[in-house]
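Take the sequences, apply the hints, and build the full model.
Just so you know, the sequence shown maps onto residues 1 to 352 in this note's numbering.
Heads up, some of the hints might be wrong.
Said to hold, decoys possible - Label-pair restraints from in silico Cβ distances:
#1 A172 - R6: 15 to 25 angstroms
#2 R6 - E253: 45 to 55 angstroms
#3 R340 - H227: 45 to 55 angstroms
#4 T40 - R340: 30 to 40 angstroms
Said to hold, decoys possible - Computed cross-link-like contacts, EDC-like style, restricted to lysine to aspartate or glutamate with a CA-CA straight-line distance of at most 16 angstroms:
#5 K108 - E95
#6 K108 - D152
#7 K146 - E301
#8 K146 - E337
#9 K146 - D300
#10 K163 - D194
#11 K163 - D195
#12 K146 - D173
Since the hints were derived computationally from the structure, they do not count as laboratory data.
No residue lacks a Cβ here, since even glycine has one placed at the ideal position from N, Cα and C.
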Amino acid sequence: MAHALRLAERGLFTTQPNPRVGCVIVRGDEVVGEGWHRRTGEPHAEVYALREAGERARGATAYVTLEPCAHHGRTPPCADALVAAGVARVVIAAEDPFPQVDGRGIGKLLAAGIAVDTGLQREAARELNIGFFSRIERGRPFVRVKLAMSLDGRTALASGESKWITGEAARADVQRWRARSSAILTGSGTALADDPRLTVRDLDDVDFQPPWRVVLDRSLRTPAGSHVLDGSVPTLLLHGPSAVPDPRFAAVECAVVPPADAGLDLAAVLALLAGRGVNELQVEAGARLSGALFGAGLVDELLLYVAPVLLGDQARPLLQLPALGDMAARWRLQVVEQGRFGDDWRLRLRPS
1 MAHALRLAER GLFTTQPNPR VGCVIVRGDE VVGEGWHRRT GEPHAEVYAL REAGERARGA
61 TAYVTLEPCA HHGRTPPCAD ALVAAGVARV VIAAEDPFPQ VDGRGIGKLL AAGIAVDTGL
121 QREAARELNI GFFSRIERGR PFVRVKLAMS LDGRTALASG ESKWITGEAA RADVQRWRAR
181 SSAILTGSGT ALADDPRLTV RDLDDVDFQP PWRVVLDRSL RTPAGSHVLD GSVPTLLLHG
241 PSAVPDPRFA AVECAVVPPA DAGLDLAAVL ALLAGRGVNE LQVEAGARLS GALFGAGLVD
301 ELLLYVAPVL LGDQARPLLQ LPALGDMAAR WRLQVVEQGR FGDDWRLRLR PS
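This is how it looks when you write it as structure tokens:
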């Protein structure tokens, strides 16, 4: 199963909105077939593994990181393929909560007399597809907020200048996180101040699907000529009901989202993105929007780069959060991973 998970990880950048899945077929002590889901619309992991195994699949054990599908989508049901191949046993890491599967794949295998075991390395399988499970089970993407700060917790000078707090190695790492995301989200304030491209760049060693760009712009303030309006990658601009798109936005898709306070309804934004198949959403925005997501309890992970520099107390803060009445109300985060990139540190943290 560990090998199947490593195979599944090869689809890290290419399978969305589908989950990343690996399969290994074993006969006795010999691996006779293996495969992984490579890209949406192409065969699933089980099909590749069965093709490689051929007749040796009969009586063998298949290790699959996610419950085999049981419905006709872009490809036929994998549960049917396993039955037809005559496998004797299927070991599944995690059940698939997708409504058209959700136990039906296991049911087909059992009905055919195939032994089924579930739960082996379930948490690892769910972690690999954390965005897929979030979208199906919670109706919203897994939200990862990326921020870079100085040692004194500042993200930009008072003027707004922020290029560059971190070094090249840290910025290159960001590109890999962008590439694994279904979409990258920012606000109109960042679009105005920084004119970001929000595209994956200088990543020549992996194949990837360009993530959507998503811009929250309640009043349609994003100016003509902005990089996010250039149509170079699929872009979704979300605005309030009172704003009317004009020719500036001809190269992007615009959609209405209900307003809330001074911005847009963030829960509605996430529900809309989930409906479009967004699994992992990377937020690259300023202190206000990032803070609003934290305040609403909508942040699942903080990807924080810390540079060994000081910007001073007049520089801009990391997040705008509500004032706390006492220390008992402080925001608690758990460190999931830490690593060094050049002179900078990267922390992955999740609300605890």
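field: Numbers of unmet hints, in rising order
entry: 2, 3, 6
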